[in-house]
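Trainee: Single-letter residue listing:
Protein chains: 2
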Amino acid sequence: MNETRQFPWDHPRFKSWIAVARACQVMNQALGREIASLDIKPPHLDILVNLYRFEGLTQQDLARKLLVGRSNMSMLLPQMEKRGLISRQGDENDRRVLRLYLTEDGRALTEKAMQIQIKVIDGMMESSTLEECMSVADVMERMTATVLRRDGR
Amino acid sequence: MNETRQFPWDHPRFKSWIAVARACQVMNQALGREIASLDIKPPHLDILVNLYRFEGLTQQDLARKLLVGRSNMSMLLPQMEKRGLISRQGDENDRRVLRLYLTEDGRALTEKAMQIQIKVIDGMMESSTLEECMSVADVMERMTATVLRRDGR
DNA sequence: ACAACAATGTACAAGGTTGAACAAAATTCC
DNA sequence: GGAATTTTGTTCAACCTTGTACATTGTTGT
Numbered sequence: 000m001n002e003t004r005q006f007p008w009d010h011p012r013f014k015s016w017i018a019v020a021r022a023c024q025v026m027n028q029a030l031g032r033e034i035a036s037l038d039i040k041p042p043h044l045d046i047l048v049n050l051y052r053f054e055g056l057t058q059q060d061l062a063r064k065l066l067v068g069r070s071n072m073s074m075l076l077p078q079m080e081k082r083g084l085i086s087r088q089g090d091e092n093d094r095r096v097l098r099l100y101l102t103e104d105g106r107a108l109t110e111k112a113m114q115i116q117i118k119v120i121d122g123m124m125e126s127s128t129l130e131e132c133m134s135v136a137d138v139m140e141r142m143t144a145t146v147l148r149r150d151g152r
Numbered sequence: 000m001n002e003t004r005q006f007p008w009d010h011p012r013f014k015s016w017i018a019v020a021r022a023c024q025v026m027n028q029a030l031g032r033e034i035a036s037l038d039i040k041p042p043h044l045d046i047l048v049n050l051y052r053f054e055g056l057t058q059q060d061l062a063r064k065l066l067v068g069r070s071n072m073s074m075l076l077p078q079m080e081k082r083g084l085i086s087r088q089g090d091e092n093d094r095r096v097l098r099l100y101l102t103e104d105g106r107a108l109t110e111k112a113m114q115i116q117i118k119v120i121d122g123m124m125e126s127s128t129l130e131e132c133m134s135v136a137d138v139m140e141r142m143t144a145t146v147l148r149r150d151g152r
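Chain order of the listed sequences is P and A. Under numbering that gives the first Met the number 0, the first residue of the first sequence is numbered 0, with each subsequent residue one higher. Under numbering that gives the first Met the number 0, the first residue of the second sequence is numbered 0, with each subsequent residue one higher.
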């Protein structure tokens, strides 16, 4: 009666999660294909969008927002600076940090990229109602908070 | 009136998607931490679970199921074979393909790993009802199908 | 003021992922 | 049957990501 020896794929929450993971993967690949014309990849887009929204972020701030390591930023940002998309200027009050800004080119590229991203997202979610999407967001935010509260921080 | 110049973060579907992506990322990191004790990472777990469920898969089959490139399998599987988790045996009817099987050790490891995975998933989704999870799965499967039908294939 | 501690960014090595080019084997089409 | 095409797996170079160790700079506690 206590049937604890169930296969994962019979487990409802497991199946749900697999669906989420697959959707995420497929979505990222689609996005990657679409923004390839701008010669950037999803990681760069994430950076650009965040700098577009929050000017003057620190590398550390950015890493935290993106949930990646600091070293990741140290690898990606210098490229993007060389490419003229962003600028990194030292803070005078704290000489450890580098504050990040979009250049004119970076801002223009970001706007193009965001349009593409929205197009991809809308195209993918067109088969779902807005209510469904909001409900999904709600569940996801609760999940993220749960995990971050436990192991993260 | 035709306010098409909206910021992405004011776009409901965009916000929804960001929530999904973040949850996915956080989840993968949590899973990675938990299965690190078994000395495998999420990609290996995906492989193991699929071989556990579908014996005798081809490398190509596996790559398709995991939505990754063939070369990825060519990089990961030989390691796992050397480690004694899987065996790759040539098909007699088609001498191009290698059919994949779990070894005894591989099967045992997979069972341990799947228990951990279920624990992580349940822990993450405990704050949502089963109905919500199923609804999420439904939306996600529709999204995946939409994208795969369009660009994929 | 000074020592201990913490935070920020970097360098580096290791590993996962990809796409393109390639060899071997199977299939298709005259 | 034999040439052209397709499929499968591998190799390789390039890139993203991570964790660790490190130097620099701030902060805390005494």
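There's no promise every hint is true.
The list treats identical chains as interchangeable, and a pair is accepted whether it falls inside one copy or across any two copies.
Result set (DSS-like, lysine-lysine): computed pairs, CA atoms no more than 27 Å apart in a straight line [unchecked claim]:
#1 LYS14 with LYS111
#2 LYS40 with LYS81
#3 LYS40 with LYS14
#4 LYS81 with LYS14
#5 LYS40 with LYS64
#6 LYS64 with LYS81
#7 LYS111 with LYS40
Calculated directly from the structure, the hints in this document are not laboratory data. The structure displayed is predicted, hence computed values, not measured ones.
Trainee: At most 27 Å between C-alpha atoms: does LYS64 with LYS81 qualify within a copy, between copies, both, or neither?
Mentor: So LYS64 and LYS81 pass the 27 Å test inside one copy only (23 Å; across, 39 Å).
Trainee: Up to 27 Å between alpha-carbons, please classify LYS40 paired with LYS14: within, between, both or neither.
Mentor: between (29 Å within a copy, 20 Å between copies)
Trainee: Could you figure out if LYS81 and LYS14 sit no more than 27 Å apart (CA to CA) within one copy, between two copies, both or neither?
Mentor: Result: close neither inside a copy nor across copies, 44 Å intra and 31 Å inter.
Trainee: Checking an output row: LYS40 and LYS64, CA cutoff 27 Å. Within, between, both or neither?
Mentor: both (18 Å within a copy, 23 Å between copies)
Trainee: What label fits LYS14 with LYS111 when the C-alpha limit is 27 Å: within, between, both, or neither?
Mentor: Result: close only across copies, 18 Å inter versus 36 Å intra.
Trainee: Within a copy, between copies, both or neither: where do LYS111 and LYS40 come within 27 Å Cα-Cα?
Mentor: within (13 Å within a copy, 35 Å between copies)
Trainee: Please work out whether the CA atoms of LYS40 and LYS81 approach to 27 Å or closer within one copy, between two copies, in both situations, or in neither?
Mentor: For LYS40 and LYS81, the Cα distance is within 27 Å only inside one copy (16 Å; across copies 34 Å).
The structure is inconsistent with hint 4 alone, although it conforms to all the rest.
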